[in-house]
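*Asks:* Each chain, letter by letter, is given below.
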Amino acid sequence: MQHLQILVIGASVAGIAIAVARPRETLVMESGMLFGAEFIAALQINPHAFPSFAYAEARALREECCARGLLNARGEYHMPPLHALLARRLYDSGAQVCCYTRVLDIQPLSNRFLVTYFDAEGTHALIADHIVRTTDHEAGEKKLCAMMTGSIPPAKQEGSAQFLQGFYADEVVLKFSVMGKTWPQARNALHRYWQDRYQAADLALRMASVAPVFAYDFDAPIIERDAEGQVRCVSASFPDALSAFEGGFACATNLL
Amino acid sequence: MRYQSFVEGKQISLEVKPTFSLHLDVLVAGLGTAGAVALCTASALGLHVAGFDRATGMGGMGGMGGVWDYYFGQAGGVTDQINRKCQTLQASGAYVTSQRRALGTRLSYPGVIKSYALEQRAQEKDVSLWYDTVALGAYLEEDRVVGLRLHDGTRRMDIAAEVIIDATGEADIAYLAGCEMLPPREADGTYQYYSKTRSILVQEEGEPPYTVGAWSVCGRMDAANAANTTQAILRAAIHPQEFLHPQAHARTIYESPMLGMREGRRIAPMQALRLREETAGRQWAQPVFYAASHVDSFNRDMALEEEALQDFQSICDLRSVRLTVGVPMGAMIPMRMDGLLVAGRCMGVDHNLAACVRMKYDMEKSGEAAATLAFIACKEKKAPRYVSYEKVAAHLRKTGCLQDTQNQPWKDGARTMECTRFPQCDEEMRIALASDFPGFAMWTAKNAPARWQGMLREALADADDSLRYRAALTLGMMGDEQALPVLRDQMKRSPAPEALYPEACKAICLLGRMGDVQSIPSLMELLKRPLPPRNQRATEAEKRVADHAVYLSLEAVVALVKIMRAHPAHDIRRQMCARLFAPDFILCLGHGDVDLTQSVRRLAIL
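Residue numbers (our numbering), protein chains in the order written: chain H, 1 to 256; chain B, 1001 to 1606.
Incorrect hints may have been included.
BS3-like, lysine-lysine: derived pairs with alpha carbons at most 27 Å apart [what the hints assert, rightly or not]:
| hint | chain 1 | residue 1 | chain 2 | residue 2 |
| --- | --- | --- | --- | --- |
| 1 | B | Lys1398 | B | Lys1085 |
| 2 | B | Lys1085 | B | Lys1125 |
| 3 | B | Lys1381 | B | Lys1017 |
| 4 | H | Lys181 | B | Lys1125 |
| 5 | B | Lys1125 | B | Lys1381 |
| 6 | B | Lys1085 | H | Lys181 |
The set of hints was computed from the structure by calculation and includes no laboratory data. Values in this document were obtained by computation on a predicted structure and should not be read as measured data.
Produce the complete structure using the sequences and hints provided.
*Replies:* If you want it as structure tokens, here you go:
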């Protein structure tokens, strides 16, 4: 049975940072095929001024984002190209990665964990000394976002809906609260809202895509070790992708 | 009852007594292009139905996947009703359109609209949709699939169904159940190319903003191999295209959560569709719909393809020809397995034709056909294989899924889609072979050697170079050694700079196939030529010239291997390997993203 030191669940931004920080010991398991999906695919943009970063790798990522025209001084991102920048870092780190792989079960043993997982070749088991869960979203407020193009409406907050200015002048993200809803319910609520809203006032705004993953808003970042000894470094709990990258490094340095 | 699954890569089978939490008429596995329509059809026919998918929405590549201009295939069936809903949503103005002047009358709906329309349609009846869900194992009674164990990210569910429709694209359910599969490409066990896909927002002067699906061809992958899949995903994510500086007027707005697969595992069916049996204008046995498309031509390492595809795409140069293929009911029914149907890419279509029978309309129709067959099977309490074709066809004719008028002759897409004649007499054959488009004539003659061989041999002495050369190629496809002198001569032709594929490759391919020992020195000379280095900033013209050298080297290696196999006394393996294993021998296409070096080295030493 495979034995490894660190199993990171989720190729989230924080998960990738942990792999980059500790490449030789780490295996990243990702249930899908997108990297940093909790920000990039989820269209989770929270424009705000960036703090100074303690880790050189986070500073380098921020500089590359700026140099490539994905991030401006106001903290507004153009998200999709960030995917390749994260993938490149993960690839170059040499850490093991398993995409389309889902964890079915984790059993605590003495000082380590027995993990059952499922991939294209069936069910497998491995032993891990450390587990880092980066995609525990239960404590967050569930949102479904849509990429819009046009002019942001004068009323930016309206019931469950919030309009956020994106990186480009005509880039707007509609963020819609969908707490407790399944995918069909959430999508239905979003589309209904938007169709009604569009008809009610002839907005110069169109819906271009709906995120294939939910976004989650948290009150504060979660980096902790739970009672069973598993580490939780919830990537989506950070205010933005770069802070999550910094958070992953902090987790790798302080908790592993 | 048996429970079959894979543990540590090995199939296990356990005797079990499960408690199913739900008993359905039909369970649809995979809600992509085919599965979504299967679910909508089964639901509309009044069946108790549910569906699941690994993704978080419906529609697959044309919905969640970011590629939606791919409206090849032929319209008709339940899809038309769904598309009308898309049309209404698009016309509302609330969504960014994908329709634009360049498309003309061709229809296109953005994924955001298509996946929503499908989900709305599915939910008109009481249908359960499980997203982010995979099948861990299959329950079988004798040779009948009766249920699946699913995992939705948090819990396991055991679900029973009278019929399961496998529309997973990779035949995941058929594989779990132990069904036999059709093989991938014989030379190296690989499938057709896959792509990384995304959606781009475009703003052009004089047009409202619109979205287009875009894709980058990334190489070959085997989705059934976990490590290979991850490598393919990473390779796709760092494709040079991904690092282009974003532009305000043409920017990525959506990274697709799935890869664009052209081919994957396919079942060995009751009735397989194969390119080598394909003949224009034939009467198809028990068609449930007519698929229509060209054979995708991204597979540029043609030297490693099977002979049927080499003949069709390379030697006859029929890349731009739109075929019509009558997909038989039997292509959806696995051999020796009841309770299971397949729809979409995992139907029983061979590797060569898999690059043709995969278009959006066609896959949607396959979903409708599978659901209709399942409906009649449930109603009559029969295994699908025993359902009368006439009853299924009658249903499908009513909805327009099956339209006999869609059994069209081949059309040449590069030549304004005009129907092209197949030569009927020697004079017509001579004219066609000497023309700018000899492919139809060559294919016709290849498939009827007894009728045409004599005439072609006479043409080898003709003064017209084109006629002589095409006659030699056609005879070469028949394996006629009289063609060898002309082919040896043609092997030395320099590629035209603007050509996609060097003409000499055709001759080399046939010389190898016929085991021509006399060609060995010329082939070795070709192989020893230096390969141009790959440059990420190369222009298209520079890239094409570099690709020509790669095609010729690849073709030469394959030909030499074939000659050695036919004539073991002529063992030139040592000389070949000295070249193939030299550090400067790097056989890459494009910007260096398709690396064939290892494939040819393996070929030479095995």
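*Asks:* Would you mind marking each hint as holding or not holding in the structure?
*Replies:* Results for each hint:
{"no.": "1", "hint": "B:Lys1398 x B:Lys1085", "result": "20 Å, holds"}
{"no.": "2", "hint": "B:Lys1085 x B:Lys1125", "result": "16 Å, holds"}
{"no.": "3", "hint": "B:Lys1381 x B:Lys1017", "result": "23 Å, holds"}
{"no.": "4", "hint": "H:Lys181 x B:Lys1125", "result": "19 Å, holds"}
{"no.": "5", "hint": "B:Lys1125 x B:Lys1381", "result": "23 Å, holds"}
{"no.": "6", "hint": "B:Lys1085 x H:Lys181", "result": "24 Å, holds"}
Checked against the numbered hints given earlier, the structure satisfies every one of them.
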